[in-house]
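Asks: Residues per chain are reported as follows:
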Amino acid sequence: MVDQIMAYISTELLKDPTRQIREDEPLISSGLIDSFGLVDLALFIEDTFGIRIEDVELTSSVFDTTSELAQLISKKLPSSTP
Amino acid sequence: MAKHTPSDPSEAPSAGLFLRNVILKALLLLVILNLGFAKIDPLQELGQISLYNGLFPGRLRLPFGEDFEESYNISILQLDAMFASHKISAGSKPEDEFRVLLLGDSSVWGFLLGPDQTLSAAFNAKGYMTANDKRLRFYNLGYPTMSVLKDLLLLDFAQRYKPDLVLWFITLESLPAQKQLASPLVQYNLEPVQILINRFHLGLDPNDERFVHRTFWKQTLVGQRRQLADLLRLQLLGVMWAATGIDHDVPSSYEPPQVEISDDVTFQDFQPGELSTEDLAFDVLEAGNILMEEIPVVIINVPILLASGENNPIRYNSYYPRWAYDEYRDMLGVEAAERGWTYLDLWDAVPSQMFTDSAIHYSPKGVEQVVGRLRETILRVANQVP
Amino acid sequence: MGLIPILVFLSLSILIGLLARGKWRSWAILVVSVLSLYWLQPAIPIRHLDFWLPTLSLGLTVLVWQMIGSKNAERNRREDGITFAMIGALVFALGLTRYLGKGTFLAPTRPPNPGSIAFALLLLASLSLLITKLREKGLSLANIGAGLVLVCFILLKSQPLAEAVSRGLRVLSGQSSDLASASELQWLGFSYIAFRLLHTLRDHALDRLPPLTLREYLCYVLFFPALPAGPIDRAERFQRDLHSPASLTAKVGLEGGTRIVVGVFKKFVLADSLAYFALNAANASRVCSTAWLWIMLYAYGFRLYLDFSGYTDVAIGSGLLMGLRLPENFHQPYLKPNIAAFWNSWHITLAQWFRAYFFNPLTRTLRTAKVKLPAAAIILIGQISTMALIGLWHGIAWNFLLWGLWHGLGLFLHNRWVDMQRSHPRWFPQRLMEGHPLQVLSVFFTFHFVLLGWIPFVIPDVGQGMRLFLRLFGA
Chain A
1 MVDQIMAYIS TELLKDPTRQ IREDEPLISS GLIDSFGLVD LALFIEDTFG IRIEDVELTS
61 SVFDTTSELA QLISKKLPSS TP
Chain B
1 MAKHTPSDPS EAPSAGLFLR NVILKALLLL VILNLGFAKI DPLQELGQIS LYNGLFPGRL
61 RLPFGEDFEE SYNISILQLD AMFASHKISA GSKPEDEFRV LLLGDSSVWG FLLGPDQTLS
121 AAFNAKGYMT ANDKRLRFYN LGYPTMSVLK DLLLLDFAQR YKPDLVLWFI TLESLPAQKQ
181 LASPLVQYNL EPVQILINRF HLGLDPNDER FVHRTFWKQT LVGQRRQLAD LLRLQLLGVM
241 WAATGIDHDV PSSYEPPQVE ISDDVTFQDF QPGELSTEDL AFDVLEAGNI LMEEIPVVII
301 NVPILLASGE NNPIRYNSYY PRWAYDEYRD MLGVEAAERG WTYLDLWDAV PSQMFTDSAI
361 HYSPKGVEQV VGRLRETILR VANQVP
Chain C
1 MGLIPILVFL SLSILIGLLA RGKWRSWAIL VVSVLSLYWL QPAIPIRHLD FWLPTLSLGL
61 TVLVWQMIGS KNAERNRRED GITFAMIGAL VFALGLTRYL GKGTFLAPTR PPNPGSIAFA
121 LLLLASLSLL ITKLREKGLS LANIGAGLVL VCFILLKSQP LAEAVSRGLR VLSGQSSDLA
181 SASELQWLGF SYIAFRLLHT LRDHALDRLP PLTLREYLCY VLFFPALPAG PIDRAERFQR
241 DLHSPASLTA KVGLEGGTRI VVGVFKKFVL ADSLAYFALN AANASRVCST AWLWIMLYAY
301 GFRLYLDFSG YTDVAIGSGL LMGLRLPENF HQPYLKPNIA AFWNSWHITL AQWFRAYFFN
361 PLTRTLRTAK VKLPAAAIIL IGQISTMALI GLWHGIAWNF LLWGLWHGLG LFLHNRWVDM
421 QRSHPRWFPQ RLMEGHPLQV LSVFFTFHFV LLGWIPFVIP DVGQGMRLFL RLFGA
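One line per chain: the protein sequences are A, B and C, in this order. Mind the numbering: the first sequence is residues 1 to 82 in our numbering, read in order. Mind the numbering: the second sequence is residues 1 to 386 in our numbering, read in order. Mind the numbering: the third sequence is residues 1 to 475 in our numbering, read in order.
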């Protein structure tokens with residue numbers, strides 16, 4: 001799951017498939033992903049995992065790294081087993 | 001501090017203990033700072049620290065103002081700070097300068113006039129030279145309260161700026177002995193005023209209860225907070241003075257002085273015939289002359305508005321009933337002659353349409369009238385100085 | 001808010017932090033908050049309005065709480081009833097201070113007579129009941145609530161409307177309507193209260209809001225340190241903190257105390273000093289030289305930041321003393337290398353609010369619409385409209401709109417610039433972009449972009465602002 005997210009971020013948002021993103025790398029607070037990119041990321045996750053990311057969740061206080069985002073997705077998946 | 005607190009943060013008493021320590025230490029520090037400040041009493045030295053005449057140009061008149069948001073100026077009563085912000089403190093006097101000080105009330109300070117429209121500014125614009133090629137430079141030391149003792153106080157302080165000539169503008173309103181100590185500037189500067197009263201045996205009470213006494217407690221940091229804040233404010237307002245050249249809010253319109261005046265015959269507390277030489281502080285004027293020794297002092301009775309209304313036979317204007325003002329002029333003339341003062345009576349030198357909002361405030365045109373009438377005397381006296 | 005309220009708040013916060021435990025903490029916070037609502041309210045010349053506006057804040061909060069009552073949550077009706085009775089009694093008691101003569105120290109002016117206060121409280125109780133009944137019938141009133149809050153907001157923030165309201169109120173109170181002015185309607189804290197109410201209404205509609213008791217909700221919306229100048233915070237976060245078992249410890253006490261001291265220094269020493277020569281509409285036209293004009297603009301920029309962030313420090317510090325960690329509102333905003341980073345660090349809670357409730361939904365809608373717009377167009381629309389709204393939050397006027405557009409355009413251009421860098425990495429060598437000297441230049445550029453943006457913010461007249469802008473560049 002984390003890999004899928006990372007691939008999307010580096011290819012689609014950062015437009016640099018060679019860019020390596022660390023699991024604990026801040027994405028939002030560092031400005032790596034801007035507010036528009038965040039909405040696109042949410043739409044991608046919703047399409048890919050079939051869950052809903054609320055607009056109010058798109059903030060660094062809810063998730064800032066790919067691992068935190070993965071946790072959020074896991075919690076929302078129907079078969080919620082961490 | 002951390003030593004006193006156990007590492008377990010959930011213990012409430014530790015926080016109370018910690019708080020107690022913090023408060024105790026803060027109080028101790030506060031007490032030490034206050035006592036130290038009171039002991040050193042550095043207000044005077046602090047007043048001499050100024051960004052004026054350095055970062056900002058010096059002010060063209062002494063700081064005075066009621067509304068700093070409009071006038072970028074505040075009233076401050078500490079002489080060191082007042083003069084430190086004034087252009088007169090900019091470096092030592094140049095060799096080729098003939099320095100003239102102007103003393104007086106709001107008519108000299110320039111109420112409702114810009115700093116470049118006052119009497120001293122108008123004099124400076126003339127570019128007068130002495131016979132031995134010195135340039136006359138005029139400094140505005142007027143201050144808007146009516147008391148010649150206040151003028152003497154300022155003159156005493158200003159001696160250090162090495163004046164060559166003093167123009168002392170007076171009017172009856174600033175002469176009654178009982179009014180001398182009413183000026184806040186006089187009340188605040190107790191020590192120098194007491195010295196002046198004692199030195200010249202002035203007919204004033206050096207222990208008058210209106211004086212502001214500086215007790216030890218008033219000298220602490222807490223006691224001096226207003227004065228300290230004012231010192232800071234005066235410096236901060238320097239930015240706006242430098243940026244705008246404004247030190248006084250001149251409204252675009254104001255009430256002209258009354259032409260229709262009352263038929264009241266009293267002057268202050270005096271009934272007709274009650275005013276005598278003893279009631280007027282001529283001794284303060286004499287003290288100024290003695291104080292300056294060889295330096296000439298010219299005393300000028302300033303022009304007043306001659307109101308044309310129905311009660312013109314009783315009063316000249318809202319300040320003066322005719323009898324009091326006429327007697328004052330007579331007395332001043334006699335005193336000046338007896339004591340050998342250089343004296344000029346300009347009481348009717350300014351036509352009534354050249355006054356602004358009161359019977360002693362002139363418009364720029366009125367200022368020109370005064371300047372024109374004084375030119376000859378100033379140059380004559382200046383050229384007599386060796 | 002002056003130094004005295006801050007000292008009072010500090011003492012009360014310490015007392016609450018040291019003594020109040022469990023539910024007593026929220027009771028203490030509630031009582032102090034309700035009293036502060038009246039105490040901090042500036043006096044208004046319109047008769048009794050300075051009593052009715054805080055009462056209206058309180059009433060709106062209660063009504064909105066009724067609207068967001070969750071269907072499935074077990075409501076502690078008895079406890080909510082006690083809370084309601086408690087604030088009713090408090091307001092009524094405040095009203096009775098009118099008989100203390102000059103001792104009406106908790107209300108800005110003499111309160112209205114007890115009869116009208118009782119009537120207002122009864123009206124509030126009936127409306128509350130009505131809303132509960134309607135809600136039980138399955139009618140959602142959240143949109144009406146949001147509309148009501150927005151209407152109040154617009155009336156307050158628009159100069160002509162506020163003046164009309166002032167005139168109307170003056171007629172109602174039998175006072176001369178000639179003296180009506182928009183500046184009369186000073187409603188303490190409403191800008192922030194409104195945004196807290198709107199956020200909970202919206203989250204309720206999204207079914208994201210945890211059940212809140214009336215006391216919790218009132219504490220959140222009216223939390224006294226954050227009344228005058230924010231931050232806005234989020235209800236679920238606030239509720240978590242309110243139930244945390246924290247009591248005042250030495251470490252937190254020191255942190256909170258330091259925050260307050262720093263805040264007081266920033267606001268009352270630095271900002272108030274800068275205020276003596278900070279740019280404003282009156283002094284701008286009197287300045288003779290460009291250099292001084294720049295200095296006054298710098299002074300304004302720093303005064304604004306130090307004033308606002310100083311207040312925030314005091315609010316956060318007071319919160320800490322009571323065991324509540326309010327969100328940060330500023331994070332060195334003037335040291336950011338680009339305008340997007342600036343908006344992640346300036347008035348953070350407001351920017352996040354608009355992102356969550358306006359920008360994100362709008363962008364999502366445009367992104368998933370049938371008519372596909374190019375990404376750039378969506379970004380332009382999103383940024384410009386969001387920033388325009390943030391501008392209008394400060395006041396419904398052309399100058400604030402202009403300020404918002406300035407920043408919206410800045411954000412859009414920055415986004416395009418970053419996009420260009422990412423799409424054409426060869427044009428922009430990595431070492432050049434992240435090199436240190438350039439970073440300093442970016443900070444310098446961003447700061448001055450923000451600084452120039454303050455001109456329309458501080459000068460209400462757009463024409464005068466434009467002329468000033470040109471003068472700064474020697475024209």
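Treat the hints with care, since some could be wrong.
List time: in silico DSS-like cross-link candidates among lysine-lysine, alpha-carbon distance up to 27 Å [claimed, not checked]: (1) C:Lys-251 with A:Lys-15; (2) B:Lys-134 with B:Lys-93; (3) C:Lys-370 with B:Lys-25; (4) B:Lys-87 with B:Lys-25; (5) A:Lys-15 with C:Lys-372; (6) B:Lys-162 with B:Lys-365; (7) B:Lys-25 with B:Lys-39; (8) B:Lys-218 with B:Lys-25; (9) B:Lys-134 with B:Lys-162.
Just so you know, the hints here were simulated from the structure itself, not pulled from any lab data.
Asks: All hints are to be evaluated individually against the structure, with a verdict given for each.
Replies: Evaluated hints:
For the hint pairing Lys-251 of chain C with Lys-15 of chain A, the CA-to-CA distance comes to about 45 Å; that exceeds 27 Å, so the pair is violated. Distance hint between Lys-134 of chain B and Lys-93 of chain B is fulfilled; the C-alpha atoms sit about 12 Å from each other, no more than 27 Å. Taken as a hint, the Lys-370 of chain C and Lys-25 of chain B pair is broken in the structure, with Cα atoms around 69 Å apart against an allowance of 27 Å. Of the pairs offered as hints, the one joining Lys-87 of chain B and Lys-25 of chain B is violated, with about 45 Å between alpha carbons and a cut-off of 27 Å exceeded.
Restraint check for Lys-15 of chain A and Lys-372 of chain C: satisfied, since their Cα atoms lie roughly 21 Å apart, inside the 27 Å limit. Pair hint Lys-162 of chain B plus Lys-365 of chain B does not hold up; C-alpha atoms about 31 Å apart against a cutoff of 27 Å. A threshold of 27 Å between alpha carbons decides the hint, and for Lys-25 of chain B with Lys-39 of chain B the separation of about 21 Å falls inside it, so the pair holds. Restraint check: the Cα-Cα separation between Lys-218 of chain B and Lys-25 of chain B comes to about 23 Å, which is no more than 27 Å; the hinted pair holds.
Restraint check: the Cα-Cα separation between Lys-134 of chain B and Lys-162 of chain B comes to about 15 Å, which is no more than 27 Å; the hinted pair holds.
Hints 1, 3, 4 and 6, counting from the list given before, are not met by this structure.
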